[in-house]
Amino acid sequence: MNLLLIHSNKLSYKVLEKAFKELKFPKQKQKEIKKSCLVVFFAAVEKDSLKVAQKAASEIKKVAQNLKEKRIVLYPYVHLLFGKKPASLEKAQKLQKALKNLLQKDFEVICVPLGFYKSFEIECKGHPLSELSRVIEVEEEEKVSLALKREKTLKSNWFIFDPSKRKEYPIKLKGEEIVGFDFSGKENLEKLARYEMKKKRIVEIEPPHISLMKRLEIADYEKGSDPGNLKFFPKGRLIKALIEDWVTQNMVQAGAMEVETPIMYDINHPALKKYLDRFPARQYLIETPNKTVFLRFAACFGQFLMASSLPLTYKNLPFSLYELTRYSFRVEQHGELAGLRRLRAFSMPDCHAFCKDLEEAKKEIFKRFEVTKKVQTGLGLDLKSDFEIALRLVKDFYQENKKFVWEFIEKINKPILVEIWEKRFFYFVFKYEWNFIDALEKAAALSTDQIDVENAKNFEITYIDKDQKRKYPIILHLSPSGAIERVMYALLEKAYLKQKQGKPA
7 MNLLLIHSNK
17 LSYKVLEKAF
27 KELKFPKQKQ
37 KEIKKSCLVV
47 FFAAVEKDSL
57 KVAQKAASEI
67 KKVAQNLKEK
77 RIVLYPYVHL
87 LFGKKPASLE
97 KAQKLQKALK
107 NLLQKDFEVI
117 CVPLGFYKSF
127 EIECKGHPLS
137 ELSRVIEVEE
147 EEKVSLALKR
157 EKTLKSNWFI
167 FDPSKRKEYP
177 IKLKGEEIVG
187 FDFSGKENLE
197 KLARYEMKKK
207 RIVEIEPPHI
217 SLMKRLEIAD
227 YEKGSDPGNL
237 KFFPKGRLIK
247 ALIEDWVTQN
257 MVQAGAMEVE
267 TPIMYDINHP
277 ALKKYLDRFP
287 ARQYLIETPN
297 KTVFLRFAAC
307 FGQFLMASSL
317 PLTYKNLPFS
327 LYELTRYSFR
337 VEQHGELAGL
347 RRLRAFSMPD
357 CHAFCKDLEE
367 AKKEIFKRFE
377 VTKKVQTGLG
387 LDLKSDFEIA
397 LRLVKDFYQE
407 NKKFVWEFIE
417 KINKPILVEI
427 WEKRFFYFVF
437 KYEWNFIDAL
447 EKAAALSTDQ
457 IDVENAKNFE
467 ITYIDKDQKR
477 KYPIILHLSP
487 SGAIERVMYA
497 LLEKAYLKQK
507 QGKPA
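Residue numbers for the sequence shown follow my numbering, so the first one is 7 and each next one is one higher.
Keep in mind the hints are simulated off the structure, nothing from the lab. Incorrect hints may appear among the rest.
Claimed, not checked - Here are the in silico distance ranges between beta carbons for each label pair:
| no. | residue 1 | residue 2 | range |
| --- | --- | --- | --- |
| 1 | V265 | N419 | 28 to 36 Å |
| 2 | L160 | K76 | 30 to 38 Å |
| 3 | L503 | L87 | 52 to 60 Å |
| 4 | Q474 | S231 | 51 to 59 Å |
All C-beta atoms, glycine included, are put in the ideal place defined by N, C-alpha and C.
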């Protein structure tokens, strides 16, 4: 935030035109202040936070007290930015209000209307301290979505659901031991449960696949890029392309329509802003000549915006859009980055199905599960021997849909890890993950599908039903293979584990 502080004998202004169409003219279009005042011209940028407002208020207070001035005028003046991109109208209004609230305890504060073209006259007192300027900055904090913050505080209970006995086993972590279920012969399920319940994601030892990917000339780190961005050599690119083709071929055969959408989106788009706060991921932010954008971490944004413009009816549903993103981006924490397992730029097959209602969505979950099974089997990964399944549910959804949940678990045909949240915070009520357990006993989710009950409304995605009423569909989020790089990681780790056991890889 930039400040220009002028100690004045008087100030007058007149509102002439709107700078933003959505604003309403103030009741008082002009004002004349004939008394001594400290006029604070201020200009904010989008990254300015409440901490910036607090620091600015503190500086203004010091100057006013030094001048023995009890009257402060807050005058928005965007031209103090000298070419920098200004804060949005909403952000600027919040900051002006924050400045007023912070200063009005000790001063008479007058706010000049923001978002209008104005004429003004000012008479500077002319003494040595009558004209001052300040640049207000604070150390930037990492921008973390509300979902990431809430993820750490959400209350949930952990279970093992065993389809052979149709029984729920509540489990708890006591030190390193998990109590409540006998994991004999199910060691990988125990490793998954421990990994998920401890939530320790830091990588302290290099996973075996990293030396393999380098030695086999598949991929390597690129020092000229940001951490977590890899380069793929010809062999690696060929492997990657073959996996991409296999996944895409199966999705198109299953009826999904392939699309292509942008990699960057406006961070201030109302629907996207809501989604960002509901998704636990960190984003790359970029200043373009026109706006602040984030790099997508999935294909959801583009597909949802596309679906919102389509004239859908109940006859079109279920309706699926598919894209293999190259790339999706997540600013994973540096200590969690690990070769092909966890990156900041990755290729993600993403298929969204728009379903008429929950019953149709549940039927689609089963169909898509079979497609996922076919995809992974074709890649050389087996549901029974290579994966452990985690299922995440909201308590109310589970209570109302027990039959569906247990039918789904019976399809898996082995005990699975289940997390049940007391209340829904994320946009989904049902989410499964196929987890690969590597040589370091770390779990990595590959295939996943979710039942989304919120985003159709947020993005205004609607369809016309038989009764001619406009309704919101249920959305399913499927990645049939998980990130392509993570498939490569799983195949390399599987080969390493086989070699360790003396088996041909």
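request  = Hint says 52 to 60 Å; check whether the CB-CB distance for L503 and L87 agrees.
outcome  = Given a distance of about 57 Å, which is inside 52 to 60 Å, the answer is holds.
message = If I claimed the Cβ atoms of V265 and N419 lie 28 to 36 Å apart, would that claim hold in this structure?
response = Cβ of V265 to Cβ of N419: about 34 Å, so the range 28 to 36 Å holds.
message = Within 30 to 38 Å: is that where the Cβ-Cβ distance between L160 and K76 falls?
response = violated (48 Å)
query = Between Q474 and S231, is the Cβ distance one that fits in 51 to 59 Å?
reply = holds (53 Å)
Figure legend: structure checked against the earlier numbered hints; the only hint not met is number 2.
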